[in-house]
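S.K.: Using the sequences provided together with the hints, build the complete structure.
These protein sequences, in sequence, are chains A and B.
Going by the numbering used here, the first sequence runs without a break in its numbering and finishes at 843.
Going by the numbering used here, the second sequence runs without a break in its numbering and finishes at 190.
Think of the hints as simulated: they come from the structure by calculation, not from any bench.
Please read these numbers as outputs of a predicted model, since none were measured by experiment.
Incorrect hints may have been included.
[As the list claims (entries may be wrong)] Only pairs whose alpha carbons sit at most 27 Å apart, straight line, appear in this in silico BS3-like list of lysine-lysine:
hint: 1; chain 1: A; residue 1: Lys-766; chain 2: B; residue 2: Lys-101
hint: 2; chain 1: B; residue 1: Lys-29; chain 2: A; residue 2: Lys-293
hint: 3; chain 1: A; residue 1: Lys-741; chain 2: A; residue 2: Lys-805
Read off the chains here:
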Amino acid sequence: MSKQVTITINGKQVQVPDGSGLVDAAKLAGVDIPVFCHHPKLEPAGMCRMCLVEIGRPMLDPKTKEPIMENGAPKIQYLPKLETACTNRVSEGMVVLTQSEKAKAGQYSTLEFLLTSHPLDCPICDKGGECSLQDLTMRHGPGKTRFNFDEKKHFEKPIPLGDLIYLDRERCIHCARCVRFQDQIAGEPVLDFEDRGRGMQIVSISDPEFDSVFSGNTSDLCPVGALTTADFRFGARPWELQAEASICTQCPVGCNLTLNTRREVKVGGEVVVKRVMPRQNEEVNEIWICDKGRFGHHYTESKKRLVKPFIRKDDKLVRASWDAATKLAGENFAAAKKNFVVLAGGRLSNEDLFNLKSLADHAGGTALLYSDMGGGELTQLVGVGAGTNLANLGQGDAILVVASDLYEEAPIWWLRVKQAADRGATLIVVNPRETKLDRFATSTIRYEYGEETKALAEFSKKGKVADEFAKAKNAIIFFGSEGLGLSGTSGLASACATLLQETGHTGRANNGLIGVWPRANDQGAFEIGFQPEADLDKALKGKSVYIVGADPVGDDPILAKALSGAKFVAVQELLETATTEIADVVFPAQAFTEREGTYTSGERRVQRFYAAVAPKGDSKPDFAITSLVAKQMGIILEGSSASVVFDILSHSVDAFAELSYARLAETKPQWPIVGRGDMYYGGTTYENTKGLGIQLIPTAQTEGTVRIPKVRKEAALHPKEKEFLAVPINQLYDLGVMCASAELLEKHIGTATVRVHSSSAQKIGVEAGQMVKLSFDGLDGEALLKVDDTVPVGVALVPRSMGLAIHEPLVGSLQLRSQSGKGK
Amino acid sequence: MGVFEPIIELSKGLGEVLRSFLFEKTVTYQYPEEKRPVRPRFRGRHVLNRYDNGLEKCIGCSLCAAACPSDAIFVEASENTDEKRFSPGERYASTYEINMLRCIYCGFCEDACPTEAITLGDNYELTFTDRKQALYTKDMLLEPVRATEMLTPQKTEPGVFTRSVPEMKNPTD
Numbered sequence: 020m021s022k023q024v025t026i027t028i029n030g031k032q033v034q035v036p037d038g039s040g041l042v043d044a045a046k047l048a049g050v051d052i053p054v055f056c057h058h059p060k061l062e063p064a065g066m067c068r069m070c071l072v073e074i075g076r077p078m079l080d081p082k083t084k085e086p087i088m089e090n091g092a093p094k095i096q097y098l099p100k101l102e103t104a105c106t107n108r109v110s111e112g113m114v115v116l117t118q119s120e121k122a123k124a125g126q127y128s129t130l131e132f133l134l135t136s137h138p139l140d141c142p143i144c145d146k147g148g149e150c151s152l153q154d155l156t157m158r159h160g161p162g163k164t165r166f167n168f169d170e171k172k173h174f175e176k177p178i179p180l181g182d183l184i185y186l187d188r189e190r191c192i193h194c195a196r197c198v199r200f201q202d203q204i205a206g207e208p209v210l211d212f213e214d215r216g217r218g219m220q221i222v223s224i225s226d227p228e229f230d231s232v233f234s235g236n237t238s239d240l241c242p243v244g245a246l247t248t249a250d251f252r253f254g255a256r257p258w259e260l261q262a263e264a265s266i267c268t269q270c271p272v273g274c275n276l277t278l279n280t281r282r283e284v285k286v287g288g289e290v291v292v293k294r295v296m297p298r299q300n301e302e303v304n305e306i307w308i309c310d311k312g313r314f315g316h317h318y319t320e321s322k323k324r325l326v327k328p329f330i331r332k333d334d335k336l337v338r339a340s341w342d343a344a345t346k347l348a349g350e351n352f353a354a355a356k357k358n359f360v361v362l363a364g365g366r367l368s369n370e371d372l373f374n375l376k377s378l379a380d381h382a383g384g385t386a387l388l389y390s391d392m393g394g395g396e397l398t399q400l401v402g403v404g405a406g407t408n409l410a411n412l413g414q415g416d417a418i419l420v421v422a423s424d425l426y427e428e429a430p431i432w433w434l435r436v437k438q439a440a441d442r443g444a445t446l447i448v449v450n451p452r453e454t455k456l457d458r459f460a461t462s463t464i465r466y467e468y469g470e471e472t473k474a475l476a477e478f479s480k481k482g483k484v485a486d487e488f489a490k491a492k493n494a495i496i497f498f499g500s501e502g503l504g505l506s507g508t509s510g511l512a513s514a515c516a517t518l519l520q521e522t523g524h525t526g527r528a529n530n531g532l533i534g535v536w537p538r539a540n541d542q543g544a545f546e547i548g549f550q551p552e553a554d555l556d557k558a559l560k561g562k563s564v565y566i567v568g569a570d571p572v573g574d575d576p577i578l579a580k581a582l583s584g585a586k587f588v589a590v591q592e593l594l595e596t597a598t599t600e601i602a603d604v605v606f607p608a609q610a611f612t613e614r615e616g617t618y619t620s621g622e623r624r625v626q627r628f629y630a631a632v633a634p635k636g637d638s639k640p641d642f643a644i645t646s647l648v649a650k651q652m653g654i655i656l657e658g659s660s661a662s663v664v665f666d667i668l669s670h671s672v673d674a675f676a677e678l679s680y681a682r683l684a685e686t687k688p689q690w691p692i693v694g695r696g697d698m699y700y701g702g703t704t705y706e707n708t709k710g711l712g713i714q715l716i717p718t719a720q721t722e723g724t725v726r727i728p729k730v731r732k733e734a735a736l737h738p739k740e741k742e743f744l745a746v747p748i749n750q751l752y753d754l755g756v757m758c759a760s761a762e763l764l765e766k767h768i769g770t771a772t773v774r775v776h777s778s779s780a781q782k783i784g785v786e787a788g789q790m791v792k793l794s795f796d797g798l799d800g801e802a803l804l805k806v807d808d809t810v811p812v813g814v815a816l817v818p819r820s821m822g823l824a825i826h827e828p829l830v831g832s833l834q835l836r837s838q839s840g841k842g843k
Numbered sequence: 018m019g020v021f022e023p024i025i026e027l028s029k030g031l032g033e034v035l036r037s038f039l040f041e042k043t044v045t046y047q048y049p050e051e052k053r054p055v056r057p058r059f060r061g062r063h064v065l066n067r068y069d070n071g072l073e074k075c076i077g078c079s080l081c082a083a084a085c086p087s088d089a090i091f092v093e094a095s096e097n098t099d100e101k102r103f104s105p106g107e108r109y110a111s112t113y114e115i116n117m118l119r120c121i122y123c124g125f126c127e128d129a130c131p132t133e134a135i136t137l138g139d140n141y142e143l144t145f146t147d148r149k150q151a152l153y154t155k156d157m158l159l160e161p162v163r164a165t166e167m168l169t170p171q172k173t174e175p176g177v178f179t180r181s182v183p184e185m186k187n188p189t190d
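M.R.: Put into structure tokens, the structure is as follows:
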């Protein structure tokens with residue numbers, strides 16, 4: 020614990036940490052000093068002058084440096100003028116008056132001055148109702164203005180700042196919270212001020228405009244309605260919204276969300292999700308979320324949502340009752356016996372996966388995870404210890420990121436790893452090409468695609484950085500699936516786990532292995548006993564398959580062929596997909612907004628989400644559908660309540676022992692204080708009242724040293740002259756069903772592109788922007804060619820989930836499409 | 018008591034009836050053929066007002082709904098463009114509904130309105146035969162226009178109608 024000092028605020032003596040900002044110290048002591056520009060997560064700026072207070076400091080004797088005493092108390096010296104509390108740090112004996120006549124007059128005048136040029140269009144402002152300027156004017160400000168309305172500054176009303184955020188320059192009070200957030204927190208200084216004085220305005224200095232995946236957070240921080248999101252434009256007034264706690268399903272970070280809902284006429288008066296806001300969880304996402312989480316939720320209200328069960332009759336899918344549909348599926352699965360296969364996707368909750376696994380076990384079938392990434396058994400063994408918080412990593416700690424572009428795969432981890440590096444942690448980025456994280460890395464290591472384990476082994480043997488990693492107080496490794504398939508990632512996970520164990524970085528909080536999984540609950544699937552399968556097409560051919568939350572037909576023609584040869588296919592999905600087209604039975608499932616459940620994040624934190632809106636049509640939660648199917652097979656599984664399923668799960672799976680919904684809903688006070696009552700201080704982020712979640716304890720934490728299974732490494736592929744090595748990479752905005760339905764993100768998704776080095780492009784005579792034909796072993800397709808010199812020569816980067824069926828590295832060729840069509 | 022006394026009293030009474038019948042103005046209104054004028058601050062059925070050019074005064078701010086003590090008003094807003102302009106400024110009410118069964122005619126909505134868009138009018142003749150009829154939608158509440166070109170949405174010159182809230186004077190009545 021840091022040194023405490025005693026200060027006096029408004030006559031009350033309080034103990035606060037030495038060196039903390041005065042506004043934060045006062046907040047800690049329960050005294051609100053009004054602020055606009057100050058934010059507990061940002062460096063002080065002193066831009067708005069709202070926090071004017073009287074500060075007195077004890078007079079020191081110049082000789083002895085001891086306080087001069089007067090009438091038995093230290094003599095206090097006040098400056099003749101008011102000081103900004105935000106830029107002052109507390110010191111021993113400081114006396115602060117926030118409510119004196121002088122201070123109040125200063126705050127009053129500042130507000131009057133800020134309002135001289137504010138348009139006061141609160142009735143149509145999206146921030147109206149959760150606006151700091153409104154709140155503080157009510158508390159501290161004048162009811163009237165002495166200034167002339169004709170002299171107000173006038174700008175063109177909202178101008179788009181990027182395509183997700185609108186900027187209203189008239190409302191801006193120049194607090195620079197957005198500018199500082201982008202610079203200090205996100206590390207992407209894409210905003211800045213232009214001009215001076217009353218003409219001062221925010222501008223984007225990046226191309227494309229506001230090029231950041233954290234842009235939505237600036238609208239949370241904005242103390243006025245200058246930055247609002249395009250998604251929520253005139254959506255509702257904040258006081259009309261209901262709030263329900265949820266968890267983001269877009270990536271394995273598991274950001275805590277609040278879903279704001281309201282009735283909507285367009286959909287016949289149903290309650291819909293109007294906007295997604297971050298919910299504070301200082302150990303997961305702090306108070307931030309990325310734009311994919313904020314704007315990508317629209318798939319739950321897509322027109323393609325399934326609302327009724329379907330059965331195939333005379334080669335056509337026709338509506339059926341739940342009874343008929345589950346009976347058909349149940350009979351076929353029961354008849355299949357050993358040939359029954361459950362194929363589950365990582366979007367499912369722990370409860371769904373547990374019921375599916377139980378069904379597969381009882382029926383004697385197999386349970387497969389639909390994923391190209393393995394290594395889940397290692398995160399169970401040497402995953403990060405319970406109590407891990409990336410915010411605790413700093414000087415003397417180390418983070419290694421291997422084969423992952425965190426910015427694209429898990430933006431909030433990227434942000435938090437970057438901040439750990441800012442605090443002084445050793446950041447080692449091991450990746451075959453340059454990523455955005457490299458800028459913050461202490462050391463970057465490049466390797467050829469396919470040589471990742473070799474690169475790790477060489478790294479661990481020698482060098483200053485390897486020493487730093489080995490001697491670090493705490494060390495965490497993130498491993499991803501950049502350029503790797505199932506066997507590659509399993510091998511990499513094993514190598515990472517070995518490195519961690521050899522250097523003694525397992526079994527403790529803030530130490531261990533984190534998988535950057537492609538989907539939100541892949542970690543949960545591994546915990547419950549699902550395994551991915553390398554030869555998925557063989558595993559599906561001729562079987563009776565129960566596909567839940569996955570679209571293999573749409574993803575891969577080979578799997579489509581395998582499934583067309585399957586005996587029976589039942590598909591349980593949210594939306595119509597290519598897989599539901601070929602199914603014999605289709606079950607409509609409920610989206611995460613419509614039901615409750617739990618997810619396990621990549622950091623192995625089990626977190627609860629709650630139902631915010633009514634279910635669509637006849638859809639049911641996945642675990643309940645599984646229970647209905649099981650019933651038809653003569654197997655009894657809990658299907659009525661998610662919390663009961665979770666109780667059974669906690670009794671059956673050791674990792675979840677002693678967890679319950681009640682425990683997952685526990686909260687504790689967090690710093691900084693945010694929420695509805697403190698919006699002037701922390702922004703419009705919601706406070707966490709519905710649970711912080713609980714981290715699972717890895718085996719290494721209970722048993723010490725564990726045996727790490729060795730994985731046979733497949734030889735790296737080396738393309739011949741004129742051939743390319745196509746490697747899969749992950750991009751944030753892709754054509755996955757959970758992102759593609761959001762109209763706002765369409766521009767960011769774009770078309771499928773293949774990225775190659777300029778010299779490679781020259782060699783095959785193709786220019787940037789031309790359509791190329793890909794012909795690799797098992798991969799045929801067309802994509803736009805993009806030239807990118809960060810890509811190694813002879814390598815083609817092929818994005819996953821963009822309509823190109825790439826699972827693992829392949830060797831083959833690229834050529835200009837015959838029609839020589841220019842890209843759009 | 019004499020014999021004539023009751024007759025005199027009766028005649029007095031009948032005389033009063035005759036006098037008032039012949040010489041006094043009647044106070045009875047032949048409703049519904051004839052309607053009694055309402056007081057200046059009478060609070061009847063709401064009207065959504067328009068500006069002289071036909072643009073709607075309502076900007077969809079939903080403050081009336083917030084002020085409403087009986088939760089009778091539901092507003093949903095959308096964005097104006099110069100191609101399709103409903104009201105001045107950026108925002109207009111794409112949905113405006115008042116549930117007249119819930120309304121208590123308190124007039125708080127009038128007070129809350131920043132543009133004087135909603136006023137409680139003179140109409141007190143509200144009858145319904147089912148609950149759905151009690152839901153007054155925007156078309157029913159909007160003030161009628163004198164000419165069809167004043168109907169909203171209108172196509173307007175860019176840069177003219179940029180302000181949602183007009184400058185206002187204090188009410189005079």
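S.K.: For B:Lys-29 and A:Lys-293, compute the direct alpha-carbon distance and say whether it is at most 27 Å.
M.R.: violated, 76 Å
S.K.: Run the distance test for A:Lys-766 versus B:Lys-101: straight-line Cα separation, threshold 27 Å.
M.R.: holds, 25 Å
S.K.: Hint check: A:Lys-741 vs A:Lys-805, CA-CA at most 27 Å. Holds or violated?
M.R.: Within the cut-off at roughly 18 Å; holds.
Comparing the model with each earlier hint shows a violation of hint 2 alone; every other hint is respected.
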